[in-house]
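S.K.: Listed below are the residues making up each chain.
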Amino acid sequence: MTTDHGLNINNLSMRFDLPNGGSVQALKNVNLHLKSGELMSVLGPSGCGKTTLLNIIAGFLAPTEGEIQLNGSTVTGPSAERGMVFQQGALFEWMSVRENVGFGPKMKGTPKGEIHETVDHLLDTVGLGDFKEKAVYELSGGMQQRVALARCLANDPDVILMDEPLGALDALTREKMQSLVLKLWKETGKTIILITHSVEEALLLGERLLVMAPRPGRIHREYRLPFADLGVDQDLREVKKHLDYAEKREEILSMIWDMEEEIMGRMEAQS
Amino acid sequence: MSIFTQLVSELLGILATFVMVLPYLIGYVLLIMLTLGIWRIVRRFMTPKQDFGALKTVTFGDESAVTSNSAASVISIVLIFVLWGSFTGSRWLPSVLHMPGAFKGEAGFSYTIELPDGSTQDATVDVVVFGAGENPPKLLVDEGAQSAKNDGVAIQAYRNKLLKWDANDEFSRKDGAKIIAVDGQAIAPGGEVFVPNLRVAVTPKGTLNIEPDKGVQMEPIWLPAPEAVKDRLVEIATAGFKNFMLVEHLGYSLFRVVVGFFFGALVGIPLGYAMGLSDWFRGWFDPIVEFMRPVPPLALIPLVIIWAGIGEVGKIILLFLAALWIMAIAARAGVSGVRISKVHAAYSLGASKWQIMRYVIVPNSLPEIFTGARVAMGVCWGTVVAAELVAAEKGAGMMIMVASKFQQTDVVILGIILIGAIGFAIDMLMRWAEKVMVPWKGRG
Numbered sequence: 001m002t003t004d005h006g007l008n009i010n011n012l013s014m015r016f017d018l019p020n021g022g023s024v025q026a027l028k029n030v031n032l033h034l035k036s037g038e039l040m041s042v043l044g045p046s047g048c049g050k051t052t053l054l055n056i057i058a059g060f061l062a063p064t065e066g067e068i069q070l071n072g073s074t075v076t077g078p079s080a081e082r083g084m085v086f087q088q089g090a091l092f093e094w095m096s097v098r099e100n101v102g103f104g105p106k107m108k109g110t111p112k113g114e115i116h117e118t119v120d121h122l123l124d125t126v127g128l129g130d131f132k133e134k135a136v137y138e139l140s141g142g143m144q145q146r147v148a149l150a151r152c153l154a155n156d157p158d159v160i161l162m163d164e165p166l167g168a169l170d171a172l173t174r175e176k177m178q179s180l181v182l183k184l185w186k187e188t189g190k191t192i193i194l195i196t197h198s199v200e201e202a203l204l205l206g207e208r209l210l211v212m213a214p215r216p217g218r219i220h221r222e223y224r225l226p227f228a229d230l231g232v233d234q235d236l237r238e239v240k241k242h243l244d245y246a247e248k249r250e251e252i253l254s255m256i257w258d259m260e261e262e263i264m265g266r267m268e269a270q271s
Numbered sequence: 001m002s003i004f005t006q007l008v009s010e011l012l013g014i015l016a017t018f019v020m021v022l023p024y025l026i027g028y029v030l031l032i033m034l035t036l037g038i039w040r041i042v043r044r045f046m047t048p049k050q051d052f053g054a055l056k057t058v059t060f061g062d063e064s065a066v067t068s069n070s071a072a073s074v075i076s077i078v079l080i081f082v083l084w085g086s087f088t089g090s091r092w093l094p095s096v097l098h099m100p101g102a103f104k105g106e107a108g109f110s111y112t113i114e115l116p117d118g119s120t121q122d123a124t125v126d127v128v129v130f131g132a133g134e135n136p137p138k139l140l141v142d143e144g145a146q147s148a149k150n151d152g153v154a155i156q157a158y159r160n161k162l163l164k165w166d167a168n169d170e171f172s173r174k175d176g177a178k179i180i181a182v183d184g185q186a187i188a189p190g191g192e193v194f195v196p197n198l199r200v201a202v203t204p205k206g207t208l209n210i211e212p213d214k215g216v217q218m219e220p221i222w223l224p225a226p227e228a229v230k231d232r233l234v235e236i237a238t239a240g241f242k243n244f245m246l247v248e249h250l251g252y253s254l255f256r257v258v259v260g261f262f263f264g265a266l267v268g269i270p271l272g273y274a275m276g277l278s279d280w281f282r283g284w285f286d287p288i289v290e291f292m293r294p295v296p297p298l299a300l301i302p303l304v305i306i307w308a309g310i311g312e313v314g315k316i317i318l319l320f321l322a323a324l325w326i327m328a329i330a331a332r333a334g335v336s337g338v339r340i341s342k343v344h345a346a347y348s349l350g351a352s353k354w355q356i357m358r359y360v361i362v363p364n365s366l367p368e369i370f371t372g373a374r375v376a377m378g379v380c381w382g383t384v385v386a387a388e389l390v391a392a393e394k395g396a397g398m399m400i401m402v403a404s405k406f407q408q409t410d411v412v413i414l415g416i417i418l419i420g421a422i423g424f425a426i427d428m429l430m431r432w433a434e435k436v437m438v439p440w441k442g443r444g
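Going line by line, the protein sequences match chains L and P. Residue 207 in the numbering used here sits at position 207 of the first sequence, with consecutive numbering throughout. Residue 159 in the numbering used here sits at position 159 of the second sequence, with consecutive numbering throughout.
Hints in this document: simulated from the structure, not taken from any laboratory. In this text, a Cβ means the ideal position worked out from N, Cα and C, and glycines have one as well. Hints are supplied without guarantee of correctness; some may be wrong.
A few chain P positions that, by computed beta-carbon distances, are all more than 10 Å from chain L [to be verified]:
#1 Thr59
#2 Thr120
#3 Thr203
#4 Leu277
#5 Ile305
#6 His344
#7 Glu393
Capping the alpha-carbon separation at 30 Å, the derived lysine-lysine pairs in DSSO-like fashion look like this [as the list claims (entries may be wrong)]:
#8 L:Lys108 x P:Lys405
#9 L:Lys183 x L:Lys132
#10 L:Lys112 x P:Lys441
#11 L:Lys176 x L:Lys241
#12 L:Lys186 x L:Lys241
#13 P:Lys394 x P:Lys242
#14 L:Lys112 x L:Lys190
#15 L:Lys112 x L:Lys132
#16 L:Lys108 x L:Lys183
#17 L:Lys112 x P:Lys178
#18 L:Lys176 x L:Lys35
#19 P:Lys164 x L:Lys134
#20 P:Lys178 x P:Lys164
#21 P:Lys174 x P:Lys214
#22 L:Lys132 x P:Lys441
#23 L:Lys132 x P:Lys205
#24 L:Lys106 x P:Lys353
#25 P:Lys178 x P:Lys205
#26 P:Lys104 x P:Lys214
#27 P:Lys164 x P:Lys149
#28 L:Lys108 x L:Lys186
#29 P:Lys214 x P:Lys149
#30 P:Lys230 x P:Lys205
#31 L:Lys190 x P:Lys230
#32 L:Lys112 x P:Lys353
#33 L:Lys106 x P:Lys178
#34 L:Lys112 x L:Lys35
#35 L:Lys134 x P:Lys353
#36 L:Lys106 x P:Lys441
#37 L:Lys132 x P:Lys353
#38 P:Lys174 x P:Lys138
#39 P:Lys441 x L:Lys108
#40 P:Lys353 x P:Lys405
Based on the provided sequences and hints, a complete structural model is requested.
M.R.: If you want it as C-alpha cells, here you go:
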C-alpha cells in the first residue's frame, strides 16, 4: 500500500490522571500525515503538548487513544528508525566525539571499519573534522549539538525528531546551526519534525509549520511555507528579508499571543 | 543529683579548662598575625604579581580571591615542629630557641630548726638534680659540727623528694625540734618557700619536701622530642614492636581496610544499582539502608566481637559493614542521577536494556561511586584503627593502644603520625584514581 509510506498519526489522544484526582488532556484528536522527506516545525505556547507529541512519536510515551504508524508498522516503543536530537546534555560525556557518533552503529553490531568510515564522513559533514578524538565536554554548546546531529544521522533513521535542539545556543551559533539543519535535510532527505519556541526558527526550518493550541493540546493551524527551500541555497538573513516572511511572522506571533492571553484570562477567572 | 545539675557542673569544669587554654590560643593567633606582618613586609621587597587577581580591588568577601597561601602553609608546618622542639628541648633546635627546661645540677639551701627550749640551729641541705636515665650521684656531705647535721639529697629532674632532715641530727622531731625557716624565710608546717631552682615545702608532719624547678618544657613521658620519635621510628622499623615488624602492623591495618572495602563495594554497588533500577528493591532496602547508614560502624564493634571474635574475620565484617551502606547509597545516587535524555537518546539509537546498562548507566554512575569510595575508604581507615584499639594482635591501632599502656608516648605519637599519613595517602590515591578513571566528572 502506498499510503503506508511516511509517518501517520491517527486520532491521537493523551490523557493522564493527576495525583490530586484531576486529569490532564495533553493531546486531543491529533491527525497528521508526513510524507517521507518532509520537514515540519511545531510551534505553540507552553503546555500545548508539543513535547508530549514528540515523545509519543519517539515511543517514550504510549497514547491513550489512537496510534502512530511509520511506514506501515505501529509504533510501540523507541527504536533506531526514529532518531532523536535533544536540547542539551544527551551526549555521553564518557565517550569521545567519535564514540558518541558511532554509538548507534556499534549497538547494531556494525563492523568497526564501517563505523569508522561513517563517523569520519558525518563529522566532516557537520564541520567537526578536527575534533573527532576530543572529549565532548571540551566542545562548545554549538559543537556539541553538531555531534548530536551527527550521532542521530549515523544511525540512518527514517525520521529525525528534534526537541528544541538549538534552544540553548546563542543567537549567532543558532543561525549557523539552522543552516546546517537545512543542509543536512536536503542532503539526507530525512523526514524531520522540529519543535521550537522561536517563531523565526519555525518559519525558517519548516516546509510545513504546525501551530498547536493548549488545553487540550491540539493542532490549531497548519502552514505550508517556501522559506526552508529558499534557505537551502540562500543566506538565511536574505530569506528573512522576504516580505512574506515578515507577514507570516507577525501573523503567527499574534496568534500565539492571543493563546497566551486566553490562558492567563482563564487562570484569572479560576482564581 | 539530677542529670541536669551533673551536666552543668561538668560544663563548668570544661569552661574552666577552656579559660586555662585561652591564653595559649591567643598567643598562637598573635604568632600567626606576627608572621603575617613579617610576610607583608617581605613581600614589599619582592616583584609584585601582575596577574588578574592582583588587579582586583575587592578581595574581602571574594571567595575566588582567597587561595591557600603556600608561604603560610610552610610557616605553619615549620612552626609546629619548632614549638614541639622548643618545648621538648630538641637537639634539632639551637638551644636559644628552647623554652626554659627543668633544672639540673647543684643547688642547696639552709634551714633553721627551733628546739623546745627556744634555741635555734642552722644546717644546710645540698641538692643534686640529675636527669632521667642517669645514675643518681653519690653525695659526700660534710655533716658539720653543730647538733643539727647538714644533709645531702639527689633528686631526679621533674620528681620531688621528701627529706627526713632529722635522721642524722641529735634532736629529732620526736624531741620537739621543728623547722621554722628555710634560707631565712619563715615557714610553718604545710607552707612552702622558693629558693633558687628549688621549691621547698614543709609537710604537715614537719618533713621537708624538695622539688626542683620544672621549667616549662614537657617531660619526655608526656611529650618526647621530635628526634626521639624519629629514633623510635627507626628502631621499630628495624626491630619491630611487640613481636611484629612495623610493616606488619601497618600492612595488616591496610589489608583489613582494602579487603573490607572491596567486599563492601562488591555487594554495595550492585545493591545500589538494584535500588536505583527497581522500585521493589528500592522499597525493600530503603528502610534497612536508611537505618543502618546513621549507625556509626564503631557502635557495631561489640556485636561483631560477640559474633565473630577478635580475629581477622570480625574486623573484615566490621569494615565490610562500614563500606557497604556508603557504597550502596553512592551507587543508588549514581543511577538515579542519570539524565533521562541520555537514556532516551540511547534507546532511540537502538540500544537494548543491557546495552543501556553497560554504556549509559554504569559510566554515568562512576563519578558518584568514586566519591562514595573516597568517603568509604576514609571511614574504613578510621574504623579499623578504632577496632584495633579495642582488640587486636597487630595493627596500627593496636600499636598505639599497647604503647599507651606502657606510657611509650613516642610510639603513640609516631603511630598517630603514621596513621594520619596513611589516611592522607589513601585519600590522595583515591583522588588520583578518580581523575584518571572519570575525567568527565562534573562536566556533563
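S.K.: Indicate, hint by hint, whether the structure satisfies it.
M.R.: Hint check results:
1. Thr59: holds (31 Å)
2. Thr120: holds (95 Å)
3. Thr203: Nearest chain L Cβ is 79 Å from P:Thr203, so the label holds.
4. Leu277: holds (17 Å)
5. Ile305: The claim stands: P:Ile305 keeps its Cβ more than 10 Å from every Cβ of chain L (closest is about 43 Å).
6. His344: violated (6 Å)
7. Glu393: Holds: least Cβ distance 45 Å, greater than 10 Å.
8. L:Lys108 x P:Lys405: violated (68 Å)
9. L:Lys183 x L:Lys132: With Cα atoms ~21 Å apart, L:Lys183 and L:Lys132 stay inside 30 Å; holds.
10. L:Lys112 x P:Lys441: Distance ~28 Å between L:Lys112 and P:Lys441 Cα, so the pair holds.
11. L:Lys176 x L:Lys241: Roughly 17 Å separates the two Cα atoms, so the pair holds.
12. L:Lys186 x L:Lys241: holds (22 Å)
13. P:Lys394 x P:Lys242: Given that 30 Å is the threshold and the Cα spacing comes to 8 Å, the pair holds.
14. L:Lys112 x L:Lys190: holds (25 Å)
15. L:Lys112 x L:Lys132: holds (16 Å)
16. L:Lys108 x L:Lys183: With Cα atoms ~27 Å apart, L:Lys108 and L:Lys183 stay inside 30 Å; holds.
17. L:Lys112 x P:Lys178: Violated, at about 107 Å.
18. L:Lys176 x L:Lys35: Within the cut-off at roughly 27 Å; holds.
19. P:Lys164 x L:Lys134: violated (89 Å)
20. P:Lys178 x P:Lys164: holds (11 Å)
21. P:Lys174 x P:Lys214: This hinted pair is violated, its Cα atoms lying about 33 Å apart.
22. L:Lys132 x P:Lys441: Holds - the C-alpha atoms of P:Lys441 and L:Lys132 are around 21 Å apart, at most 30 Å.
23. L:Lys132 x P:Lys205: violated (95 Å)
24. L:Lys106 x P:Lys353: Judged against 30 Å, a Cα distance of about 15 Å means the pair holds.
25. P:Lys178 x P:Lys205: holds (10 Å)
26. P:Lys104 x P:Lys214: Since the Cα atoms of P:Lys104 and P:Lys214 sit roughly 9 Å apart, the hinted pair holds (cutoff 30 Å).
27. P:Lys164 x P:Lys149: holds (12 Å)
28. L:Lys108 x L:Lys186: holds (26 Å)
29. P:Lys214 x P:Lys149: holds (28 Å)
30. P:Lys230 x P:Lys205: Not OK: P:Lys230 and P:Lys205 at ~46 Å, beyond 30 Å, violated.
31. L:Lys190 x P:Lys230: violated (75 Å)
32. L:Lys112 x P:Lys353: holds (22 Å)
33. L:Lys106 x P:Lys178: Violated: L:Lys106 and P:Lys178 sit about 104 Å apart, past 30 Å.
34. L:Lys112 x L:Lys35: violated (33 Å)
35. L:Lys134 x P:Lys353: holds (27 Å)
36. L:Lys106 x P:Lys441: holds (24 Å)
37. L:Lys132 x P:Lys353: holds (27 Å)
38. P:Lys174 x P:Lys138: OK: P:Lys174 and P:Lys138 at ~29 Å, within 30 Å.
39. P:Lys441 x L:Lys108: holds (28 Å)
40. P:Lys353 x P:Lys405: violated (59 Å)
Of the numbered hints given earlier, the model fails hints 6, 8, 17, 19, 21, 23, 30, 31, 33, 34, 40; all others are met.
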